[in-house]
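J.: The listed protein sequences derive, respectively, from chains A and B. Heads up, the first sequence is in this note's numbering, so the first residue is 9 and it goes up one at a time. Heads up, the second sequence is in this note's numbering, so the first residue is 8 and it goes up one at a time.
Derived from the structure by calculation, the hints contain no laboratory data. Any given hint could turn out to be false.
To be verified - Derived lysine-lysine pairs resembling DSBU-like cross-links, with alpha carbons at most 35 Å apart:
hint	chain 1	residue 1	chain 2	residue 2
1	B	Lys156	A	Lys35
2	A	Lys73	B	Lys156
3	A	Lys77	A	Lys171
4	B	Lys28	A	Lys19
5	A	Lys77	B	Lys156
6	A	Lys77	B	Lys127
7	B	Lys156	A	Lys64
8	A	Lys171	B	Lys156
9	A	Lys84	B	Lys28
10	A	Lys96	B	Lys28
11	B	Lys156	A	Lys84
12	A	Lys171	A	Lys64
13	A	Lys26	B	Lys28
Stated by the list, open to error - Reference excerpt, derived from the structure (chain B facing chain A, CB under 7 Å, subset only):
hint	residue
14	Ser14
15	Arg43
16	Leu51
17	Ser57
18	Leu59
19	Val64
20	Met73
21	Tyr186
22	Gly187
What the hints assert, rightly or not - Below, a sample of chain A positions facing chain B; criterion: calculated Cβ distance under 8 Å:
hint	residue
23	Lys26
24	Glu30
25	Gln37
26	Leu41
27	Thr53
28	Ala54
29	Gln59
30	Ile63
31	Ser125
32	Ile126
33	Ala129
34	Arg136
35	Ile139
36	Lys186
37	Met188
38	Leu192
Glycine is no exception: its CB is placed at the ideal position from the N, C-alpha and C atoms.
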Amino acid sequence: MNEERDQNLVKRTLRGDKTAFEMIVRKYQHPLLNYLGRMVGQRETALDFTQEVFIKAYASLRSYKPRYKFSTWLFKIASNLVIDHWRKKKITALSLSEPLDREDDGLTLEVPDDEPSISHAFELGEMRRRIETAMEKLPVPLRELFIWRHVNELSYEEMAEIKNLPLGTVKNRVFQAKEMIRRLLENTA
Amino acid sequence: MSCPRISDLYEYLDGGMSPQKVNNIEGHLRVCPRCRRAVEERRLIAAAASSLAPFDVPEDFPERVMSRLPGSQPRSRGWLAALAAGTSVLTLILVVMIASGKSGLEFMKGAGGTFWESIKTIALITAKAASFVSLVGRTLRTLLEAGVKGLSLLTSFVPPGAQVFILVVVLGVLATFFYGMRKKLSTGDQR
Chain A
9 MNEERDQNLV KRTLRGDKTA FEMIVRKYQH PLLNYLGRMV GQRETALDFT
59 QEVFIKAYAS LRSYKPRYKF STWLFKIASN LVIDHWRKKK ITALSLSEPL
109 DREDDGLTLE VPDDEPSISH AFELGEMRRR IETAMEKLPV PLRELFIWRH
159 VNELSYEEMA EIKNLPLGTV KNRVFQAKEM IRRLLENTA
Chain B
8 MSCPRISDLY EYLDGGMSPQ KVNNIEGHLR VCPRCRRAVE ERRLIAAAAS
58 SLAPFDVPED FPERVMSRLP GSQPRSRGWL AALAAGTSVL TLILVVMIAS
108 GKSGLEFMKG AGGTFWESIK TIALITAKAA SFVSLVGRTL RTLLEAGVKG
158 LSLLTSFVPP GAQVFILVVV LGVLATFFYG MRKKLSTGDQ R
């Protein structure tokens, strides 16, 4: 239903109805800003990027293929912008191509005996603040998936489609990201 | 059952496990306080991560975006293709008429005998020409897009200094080639 509505708005925009595109902007401005804000760190830069995503989407709307979900198409544009941003900052080479599915990711292990409790160390507000800080320390590809999963509530299938990765790889990376966040919280407890 | 792996606990929390596996994990959790605590811990962190404060979007943000959109960009350009096809067909007819040396009426008579026959013939030619022009247009567009994509991919790997160097070398080679060809082809002014 939601997707049908998006497709309808896309068709109307292609027929020249700009109000339909404005409805797309209103619908996706929050999800995109919440993703981009956490990927680039500064709100103003994130706002510029969000604007850029919509302008790119509008300019290439005719190349959008309705067999894909419109929201995943938008996130793909946003993700490419973020990759370009990191490339220009030259931070990337390591973080974007770093092998992430290593054996020592901790996921293949059982829960250790001495795992301290973090949830009892902080109240909810403090925990959220610390999660935001911990996210900044995640490698970019893991951070992106973590945000999509928890902030944008995308499914694993949607993430796999955006990143063009196998479903199993995406799941494993999300679990890795979650475990890294937990360990970072543990270190600050 | 021995303690599950951490990835299994995450999968369990995500709800993507088969009922059989869920039963196994839940059976284990009932008897293992360590894993029970670990699951609860991860559940609470996930809940906190899923309720992070949203970023504020300025009220005039949609207007800002709309004001930056290009004038009439995504609108379909079908009419342009039709116009191009029509012009091509008329040009083709004109060329045939001039080549045959007949007037428009003679041409129509010759083409079909009656006026309506001629209209039919022209309509057929127009349709074929239009589909041909559209096919050529689509092919050219695909080739151009592929070219631009390839070029942008290449340039993203090559540093700007090296790009300028390559451009200068390529232009130099082309200039030498054309100059050589011109010399070879020119016949009049050589003594």
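J.: The structure should be examined with respect to each hint, and the outcome stated for every one.
T.: Going through the hints against the structure:
1. Lys156(B) - Lys35(A): Since the Cα atoms of lysine 156(B) and lysine 35(A) sit roughly 30 Å apart, the hinted pair holds (cutoff 35 Å).
2. Lys73(A) - Lys156(B): Distance of about 18 Å is within 35 Å: holds.
3. Lys77(A) - Lys171(A): holds, 14 Å
4. Lys28(B) - Lys19(A): Violated: lysine 28(B) and lysine 19(A) sit about 44 Å apart, past 35 Å.
5. Lys77(A) - Lys156(B): Given pair lysine 77(A), lysine 156(B) holds - Cα atoms ~23 Å apart, limit 35 Å.
6. Lys77(A) - Lys127(B): Violated, at roughly 45 Å.
7. Lys156(B) - Lys64(A): holds, 15 Å
8. Lys171(A) - Lys156(B): Since the Cα atoms of lysine 171(A) and lysine 156(B) sit roughly 19 Å apart, the hinted pair holds (cutoff 35 Å).
9. Lys84(A) - Lys28(B): Answer holds: lysine 84(A) to lysine 28(B) is near 34 Å, not above 35 Å.
10. Lys96(A) - Lys28(B): violated, 45 Å
11. Lys156(B) - Lys84(A): holds, 17 Å
12. Lys171(A) - Lys64(A): Holds, at roughly 18 Å.
13. Lys26(A) - Lys28(B): violated, 50 Å
14. Ser14: holds, 4 Å
15. Arg43: violated, 10 Å
16. Leu51: holds, 4 Å
17. Ser57: holds, 5 Å
18. Leu59: holds, 5 Å
19. Val64: Result: holds, 5 Å to nearest chain A Cβ.
20. Met73: holds, 6 Å
21. Tyr186: violated, 40 Å
22. Gly187: Violated, because the Cβ-Cβ distance from glycine 187(B) to chain A comes to roughly 41 Å (cut-off 7 Å).
23. Lys26: Holds. Min distance 7 Å.
24. Glu30: Interface hint status for glutamate 30(A): holds (5 Å vs cutoff 8 Å).
25. Gln37: holds, 5 Å
26. Leu41: Holds: closest Cβ of chain B sits about 5 Å from leucine 41(A), inside 8 Å.
27. Thr53: violated, 12 Å
28. Ala54: This hint holds: alanine 54(A) lies near chain B, its Cβ roughly 7 Å from the closest one there, short of 8 Å.
29. Gln59: With Cβ-Cβ at 5 Å, under 8 Å, it holds.
30. Ile63: holds, 6 Å
31. Ser125: holds, 6 Å
32. Ile126: holds, 6 Å
33. Ala129: violated, 11 Å
34. Arg136: Constraint on arginine 136(A) satisfied, holds at 5 Å.
35. Ile139: Because about 5 Å separates isoleucine 139(A) from the closest Cβ in chain B, which is inside the 8 Å limit, the hint holds.
36. Lys186: This interface hint holds because 6 Å falls under the 8 Å limit.
37. Met188: Violated. Min distance 11 Å.
38. Leu192: Constraint on leucine 192(A) not satisfied, violated at 11 Å.
The structure fails to meet hints 4, 6, 10, 13, 15, 21, 22, 27, 33, 37 and 38 from the earlier list, while all remaining hints are met.
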